[in-house]
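> Below are the chains, spelled out letter by letter.
There are 4 protein chains.
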Amino acid sequence: MTSSTPLPAHHHWVIALVCVDQPGIVHAVSGAIVQAHGNITESQQFTSADTGRFFMRLQIESPASREELTAALAPVAERYAMVSVIDVVGRPLRTLVLASTAGNCVNDLLFRHRGGQVPIEIPLVLSNHGTLRDLVGFYGVPFESLPITDAASKAAFEARVIEAIEDNDIELVVLARYMQILSPELCAVLEGRAINIHHSFLPGFKGANPYKQAHARGVKLIGATAHFVTSDLDEGPIIEQNVVRVDHSRTPAELVAIGQDEESRTLTQAVTWFAEHRVLLDGARTIIFK
Amino acid sequence: MTSSTPLPAHHHWVIALVCVDQPGIVHAVSGAIVQAHGNITESQQFTSADTGRFFMRLQIESPASREELTAALAPVAERYAMVSVIDVVGRPLRTLVLASTAGNCVNDLLFRHRGGQVPIEIPLVLSNHGTLRDLVGFYGVPFESLPITDAASKAAFEARVIEAIEDNDIELVVLARYMQILSPELCAVLEGRAINIHHSFLPGFKGANPYKQAHARGVKLIGATAHFVTSDLDEGPIIEQNVVRVDHSRTPAELVAIGQDEESRTLTQAVTWFAEHRVLLDGARTIIFK
Amino acid sequence: MTSSTPLPAHHHWVIALVCVDQPGIVHAVSGAIVQAHGNITESQQFTSADTGRFFMRLQIESPASREELTAALAPVAERYAMVSVIDVVGRPLRTLVLASTAGNCVNDLLFRHRGGQVPIEIPLVLSNHGTLRDLVGFYGVPFESLPITDAASKAAFEARVIEAIEDNDIELVVLARYMQILSPELCAVLEGRAINIHHSFLPGFKGANPYKQAHARGVKLIGATAHFVTSDLDEGPIIEQNVVRVDHSRTPAELVAIGQDEESRTLTQAVTWFAEHRVLLDGARTIIFK
Amino acid sequence: MTSSTPLPAHHHWVIALVCVDQPGIVHAVSGAIVQAHGNITESQQFTSADTGRFFMRLQIESPASREELTAALAPVAERYAMVSVIDVVGRPLRTLVLASTAGNCVNDLLFRHRGGQVPIEIPLVLSNHGTLRDLVGFYGVPFESLPITDAASKAAFEARVIEAIEDNDIELVVLARYMQILSPELCAVLEGRAINIHHSFLPGFKGANPYKQAHARGVKLIGATAHFVTSDLDEGPIIEQNVVRVDHSRTPAELVAIGQDEESRTLTQAVTWFAEHRVLLDGARTIIFK
Numbered sequence: 001m002t003s004s005t006p007l008p009a010h011h012h013w014v015i016a017l018v019c020v021d022q023p024g025i026v027h028a029v030s031g032a033i034v035q036a037h038g039n040i041t042e043s044q045q046f047t048s049a050d051t052g053r054f055f056m057r058l059q060i061e062s063p064a065s066r067e068e069l070t071a072a073l074a075p076v077a078e079r080y081a082m083v084s085v086i087d088v089v090g091r092p093l094r095t096l097v098l099a100s101t102a103g104n105c106v107n108d109l110l111f112r113h114r115g116g117q118v119p120i121e122i123p124l125v126l127s128n129h130g131t132l133r134d135l136v137g138f139y140g141v142p143f144e145s146l147p148i149t150d151a152a153s154k155a156a157f158e159a160r161v162i163e164a165i166e167d168n169d170i171e172l173v174v175l176a177r178y179m180q181i182l183s184p185e186l187c188a189v190l191e192g193r194a195i196n197i198h199h200s201f202l203p204g205f206k207g208a209n210p211y212k213q214a215h216a217r218g219v220k221l222i223g224a225t226a227h228f229v230t231s232d233l234d235e236g237p238i239i240e241q242n243v244v245r246v247d248h249s250r251t252p253a254e255l256v257a258i259g260q261d262e263e264s265r266t267l268t269q270a271v272t273w274f275a276e277h278r279v280l281l282d283g284a285r286t287i288i289f290k
Numbered sequence: 001m002t003s004s005t006p007l008p009a010h011h012h013w014v015i016a017l018v019c020v021d022q023p024g025i026v027h028a029v030s031g032a033i034v035q036a037h038g039n040i041t042e043s044q045q046f047t048s049a050d051t052g053r054f055f056m057r058l059q060i061e062s063p064a065s066r067e068e069l070t071a072a073l074a075p076v077a078e079r080y081a082m083v084s085v086i087d088v089v090g091r092p093l094r095t096l097v098l099a100s101t102a103g104n105c106v107n108d109l110l111f112r113h114r115g116g117q118v119p120i121e122i123p124l125v126l127s128n129h130g131t132l133r134d135l136v137g138f139y140g141v142p143f144e145s146l147p148i149t150d151a152a153s154k155a156a157f158e159a160r161v162i163e164a165i166e167d168n169d170i171e172l173v174v175l176a177r178y179m180q181i182l183s184p185e186l187c188a189v190l191e192g193r194a195i196n197i198h199h200s201f202l203p204g205f206k207g208a209n210p211y212k213q214a215h216a217r218g219v220k221l222i223g224a225t226a227h228f229v230t231s232d233l234d235e236g237p238i239i240e241q242n243v244v245r246v247d248h249s250r251t252p253a254e255l256v257a258i259g260q261d262e263e264s265r266t267l268t269q270a271v272t273w274f275a276e277h278r279v280l281l282d283g284a285r286t287i288i289f290k
Numbered sequence: 001m002t003s004s005t006p007l008p009a010h011h012h013w014v015i016a017l018v019c020v021d022q023p024g025i026v027h028a029v030s031g032a033i034v035q036a037h038g039n040i041t042e043s044q045q046f047t048s049a050d051t052g053r054f055f056m057r058l059q060i061e062s063p064a065s066r067e068e069l070t071a072a073l074a075p076v077a078e079r080y081a082m083v084s085v086i087d088v089v090g091r092p093l094r095t096l097v098l099a100s101t102a103g104n105c106v107n108d109l110l111f112r113h114r115g116g117q118v119p120i121e122i123p124l125v126l127s128n129h130g131t132l133r134d135l136v137g138f139y140g141v142p143f144e145s146l147p148i149t150d151a152a153s154k155a156a157f158e159a160r161v162i163e164a165i166e167d168n169d170i171e172l173v174v175l176a177r178y179m180q181i182l183s184p185e186l187c188a189v190l191e192g193r194a195i196n197i198h199h200s201f202l203p204g205f206k207g208a209n210p211y212k213q214a215h216a217r218g219v220k221l222i223g224a225t226a227h228f229v230t231s232d233l234d235e236g237p238i239i240e241q242n243v244v245r246v247d248h249s250r251t252p253a254e255l256v257a258i259g260q261d262e263e264s265r266t267l268t269q270a271v272t273w274f275a276e277h278r279v280l281l282d283g284a285r286t287i288i289f290k
Numbered sequence: 001m002t003s004s005t006p007l008p009a010h011h012h013w014v015i016a017l018v019c020v021d022q023p024g025i026v027h028a029v030s031g032a033i034v035q036a037h038g039n040i041t042e043s044q045q046f047t048s049a050d051t052g053r054f055f056m057r058l059q060i061e062s063p064a065s066r067e068e069l070t071a072a073l074a075p076v077a078e079r080y081a082m083v084s085v086i087d088v089v090g091r092p093l094r095t096l097v098l099a100s101t102a103g104n105c106v107n108d109l110l111f112r113h114r115g116g117q118v119p120i121e122i123p124l125v126l127s128n129h130g131t132l133r134d135l136v137g138f139y140g141v142p143f144e145s146l147p148i149t150d151a152a153s154k155a156a157f158e159a160r161v162i163e164a165i166e167d168n169d170i171e172l173v174v175l176a177r178y179m180q181i182l183s184p185e186l187c188a189v190l191e192g193r194a195i196n197i198h199h200s201f202l203p204g205f206k207g208a209n210p211y212k213q214a215h216a217r218g219v220k221l222i223g224a225t226a227h228f229v230t231s232d233l234d235e236g237p238i239i240e241q242n243v244v245r246v247d248h249s250r251t252p253a254e255l256v257a258i259g260q261d262e263e264s265r266t267l268t269q270a271v272t273w274f275a276e277h278r279v280l281l282d283g284a285r286t287i288i289f290k
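Protein chains in written order, with full-length UniProt numbering: chain A, 1 to 290; chain B, 1 to 290; chain C, 1 to 290; chain D, 1 to 290.
Warning: the hint list may mix true and false statements.
Which copy? The list can't say, so a pair holds if one copy fits it or any two copies do.
Said to hold, decoys possible - With a Cα cut of at most 20 Å, we get these calculated SDA-like pairs of lysine to any residue:
#, residue 1, residue 2
1, Lys154, Ala81
2, Lys290, His248
3, Lys154, Pro252
4, Lys290, Gln44
5, Lys212, Arg94
6, Lys290, Asp134
7, Lys290, Gly140
8, Lys290, Pro119
9, Lys290, Ser183
10, Lys154, Gly90
11, Lys154, Asp261
12, Lys212, Ser48
13, Lys154, Ala71
14, Lys290, Thr41
15, Lys290, Phe157
16, Lys154, Asp169
17, Lys290, Asp169
18, Lys290, Arg112
19, Lys290, Ala102
20, Lys212, Leu281
Hints in this document: simulated from the structure, not taken from any laboratory.
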């Protein structure tokens with residue numbers, strides 16, 4: 001959280017925490033909240049049968065400062081070896097957007113962001129092409145393009161990504177149809193804080209031009225998957241998926257257009273949930289507290 | 001809860017509670033659960049901005065008996081003036097089904113019940129026609145029919161409903177296309193424990209033969225609403241709704257068939273949630289802890 | 001169709017026709033197409049059991065000019081007393097957009113239009129507020145605002161609408177959250193060529209602030225209906241409907257945001273189908289040849 | 001078609017045909033229909049850009065007998081080298097159901113069949129287990145079980161399948177969770193007239209226990225695909241697909257239950273369309289004239 005964010009008189013906090021499951025956690029956490037004169041307005045929890053971990057997301061109203069709230073929770077966090085986040089509800093997450101030439105995901109994200117539906121702020125859209133300069137500029141968001149033509153320019157682009165993350169206190173990187181494979185080094189840097197989008201089909205198709213393959217097989221549903229970036233391409237933990245029905249009359253080009261719509265809304269949804277601290281990781285799975 | 005239900009060695013309990021919202025409730029409730037050596041495995045809560053009420057549903061694992069658990073919670077319930085339910089997870093709710101001649105909802109409910117998806121037990125299906133005798137019998141469920149032809153026979157039918165409720169410790173009454181308007185007296189008796197199903201359209205249609213009206217207007221979506229029975233016909237608190245897409249080529253008869261499918265799955269879903277204590281009332285609204 | 005539209009060497013035509021149903025129509029129409037050396041690439045038909053009318057939409061490839069094609073079809077059209085349209089596939093329909101302050105529907109329409117998904121051209125967006133000037137301008141579309149504050153200024157606005165229709169050869173008027181009730185005179189002028197969008201609920205709600213009412217009743221689905229404008233407010237023939245699932249935790253403000261999304265995509269869909277001559281009227285119903 | 005089916009005074013016919021696309025087909029076909037004093041009540045066509053083939057499905061009302069209609073169409077069929085089917089609308093297709101122990105698909109098919117929604121007749125359900133004997137018997141359908149325990153008993157089962165097809169003039173074989181891999185020989189015999197159902201995920205999973213894998217990856221959508229049986233396991237032309245949303249809280253067992261529901265409704269839908277001659281093959285794709 002940036003220290004300059006002004007707080008309301010009565011603070012509205014979000015708390016997300018993960019630890020090994022055992023009896024008494026809720027009692028301990030809610031005790032700390034009582035101590036901070038907090039009132040729980042939203043609470044969700046889940047215990048993973050796979051990993052034995054306990055996940056919790058709370059929203060509370062409390063007159064406490066960040067320091068007071070952190071202090072109240074500290075003994076509990078220590079006792080249960082919790083990983084926890086404390087944030088102000090609605091604080092815009094500092095987000096770097098990586099793009100290429102396709103505008104659908106970027107436009108959907110920026111339009112809904114401007115409409116107040118996506119609690120992020122975007123210090124920069126960084127692209128390997130200049131195509132989207134005007135679109136991004138219309139929304140008053142800084143735009144920068146750096147061509148990628150070979151290994152050296154790709155390394156330069158990724159160096160600029162890391163620099164932009166540091167310069168802008170970036171908390172989330174969104175790959176909005178960035179279309180480039182990230183280096184393993186950058187994947188490692190971004191672990192757990194970068195979201196990608198890709199098309200999805202039943203059944204899945206490997207290799208080039210999947211929409212053409214989907215057309216050739218006559219699939220009846222096409223969709224999109226938003227997932228965390230990992231070094232295993234397109235195999236990171238899934239955050240959200242959507243599909244839409246198609247029929248035999250659709251050309252491959254129409255399938256692409258339909259798929260892009262699904263990609264846009266799926267990516268924007270995933271970013272929104274992440275920015276609201278609703279996405280928690282449980283190994284290869286996500287816990288989504290909608 | 002019937003006292004004869006055998007309990008597992010380690011009990012799995014569901015607790016649902018409602019009270020006026022104020023700080024400290026979660027801490028107090030979780031403290032009682034710690035006292036009963038319980039571990040919370042599922043928890044959902046909601047504070048209604050409309051009524052200021054707090055709703056909570058918990059599932060816990062605890063070695064405590066019902067008496068021990070009730071005793072542990074009693075001081076909390078008293079302090080916060082809670083309305084609460086304590087039950088064994090998965091205990092089949094004793095359910096009376098009222099039907100008429102249409103078999104779709106009854107068959108869907110009985111088939112899924114037999115498949116273990118609906119935690120109810122059905123001591124009786126009561127109908128004003130004999131049409132469904134064989135279908136109900138196939139599932140091994142008792143069936144009884146009493147004709148309704150005038151005010152007197154209707155009063156006799158409703159008297160039999162009340163008698164059946166008492167004789168069988170009925171906790172839920174399901175109107176599975178019963179098609180009769182209940183008397184205000186019976187509505188009052190059933191308040192908060194009877195679920196009805198009816199067709200739904202965009203826009204709504206008043207009067208006779210709504211599917212014909214829907215056809216005449218060329219609606220593109222038809223659906224179903226499951227709701228609590230109140231004396232205000234078809235206006236009780238909504239539990240679940242579904243719709244399905246239709247087009248101009250559908251005849252009124254086809255709209256009816258499609259609508260019946262939606263009614264079946266919507267009613268079965270609502271019954272399942274109610275039986276799992278996931279449906280709580282907040283005035284004219286329902287809180288559904290899925 | 002504007003005479004300046006350049007035609008491809010091999011023309012791709014759309015033909016839509018309506019007449020009283022009787023044997024031999026398809027044979028007669030396809031004979032005229034054979035005469036025009038045409039090949040049918042898409043064909044849909046429907047006979048209304050309600051009105052006895054026959055509806056057909058064809059796409060054909062033919063080297064014939066408009067005059068040759070019209071001449072080939074003329075004897076058939078006369079013999080069966082057909083109402084018919086002949087147009088070039090993909091020709092952008094000249095569309096006037098009426099708006100107010102809400103930007104969601106306008107942005108969705110303009111963005112998808114720019115992406116080539118909506119075959120229209122927009123000579124003007126006319127609004128009773130200046131709010132959307134920058135948004136519309138970004139897409140390079142002319143924008144004009146005229147305040148409506150009383151009966152006189154409303155009449156002036158409507159006079160400007162009629163003038164703009166005439167000056168720009170307008171074929172379709174889209175009410176993209178225009179929010180004003182049209183006068184009966186304007187409704188009459190626009191009959192069959194103006195599309196409106198409004199929110200939709202199960203059940204329907206009359207009166208002010210329907211989202212607040214929907215919240216109060218705890219509806220589980222909210223949606224939108226795109227329909228033709230008639231003098232009977234919100235009761236014109238339905239073109240398209242969509243719904244989305246909501247739950248008890250949604251505030252009235254969130255319901256509004258969700259509803260606006262449904263409105264946007266539903267309106268854009270209806271406009272696209274209309275521009276492709278896929279929407280035919282059968283009394284109070286629409287036949288949609290998707 | 002079985003000769004014993006009584007025809008209505010005024011026949012309602014369905015005609016499905018496939019040939020290489022060229023100008024004049026619709027005119028020629030509709031001319032033959034005029035000659036048979038027929039009136040077209042439903043018509044759909046599609047030209048495949050992939051294979052250059054033309055597909056058409058018609059429903060007509062005509063006083064002609066089958067012989068007269070066939071004679072009228074014969075010159076057209078010959079001229080365009082058509083593959084065609086002529087059938088009475090609604091004639092129940094003779095269908096053999098293969099099952100194993102799972103009852104969901106069989107029950108859905110039999111219940112909807114009894115309700116008049118699926119135009120088939122089922123002379124036999126053949127299973128490798130006796131589990132479903134009572135369920136099938138309840139619907140008045142013959143049931144037979146033959147255990148499969150080794151290669152010899154599997155060959156005997158398949159021989160019985162072929163015998164049952166011949167003895168009962170079977171036109172469609174439905175694998176309603178039959179769970180056995182068919183021999184290449186049987187696949188060849190059944191080509192184009194056997195429908196299978198299997199679960200589907202985004203992304204797809206290979207190998208055993210896919211629901212467990214889907215759980216481990218935390219998929220948000222699970223579904224089902226109905227497809228033609230080919231010797232390439234689970235890779236035959238797709239007829240219908242459905243998905244349903246799931247979240248992190250679902251156990252693998254719950255995913256199985258949800259998946260079975262999708263399988264049931266997807267299979268029944270595919271069977272219905274096939275029985276209505278709405279499913280045509282275009283290489284590896286299906287054309288579905290809904």
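> Each hint: holds or not?
Hint check:
no., hint, in the structure
1, Lys154 - Ala81, "neither (40 Å within a copy, 57 Å between copies)"
2, Lys290 - His248, "between (35 Å within a copy, 11 Å between copies)"
3, Lys154 - Pro252, "neither (30 Å within a copy, 42 Å between copies)"
4, Lys290 - Gln44, "both (9 Å within a copy, 12 Å between copies)"
5, Lys212 - Arg94, "neither (37 Å within a copy, 33 Å between copies)"
6, Lys290 - Asp134, "neither (34 Å within a copy, 34 Å between copies)"
7, Lys290 - Gly140, "neither (30 Å within a copy, 38 Å between copies)"
8, Lys290 - Pro119, "within (15 Å within a copy, 26 Å between copies)"
9, Lys290 - Ser183, "neither (32 Å within a copy, 41 Å between copies)"
10, Lys154 - Gly90, "neither (35 Å within a copy, 40 Å between copies)"
11, Lys154 - Asp261, "neither (28 Å within a copy, 38 Å between copies)"
12, Lys212 - Ser48, "between (39 Å within a copy, 14 Å between copies)"
13, Lys154 - Ala71, "neither (44 Å within a copy, 61 Å between copies)"
14, Lys290 - Thr41, "both (14 Å within a copy, 18 Å between copies)"
15, Lys290 - Phe157, "neither (35 Å within a copy, 45 Å between copies)"
16, Lys154 - Asp169, "neither (22 Å within a copy, 51 Å between copies)"
17, Lys290 - Asp169, "neither (26 Å within a copy, 38 Å between copies)"
18, Lys290 - Arg112, "within (18 Å within a copy, 28 Å between copies)"
19, Lys290 - Ala102, "neither (29 Å within a copy, 27 Å between copies)"
20, Lys212 - Leu281, "between (34 Å within a copy, 18 Å between copies)"
Consistency note: the structure conflicts with the earlier hints numbered 1, 3, 5, 6, 7, 9, 10, 11, 13, 15, 16, 17 and 19.
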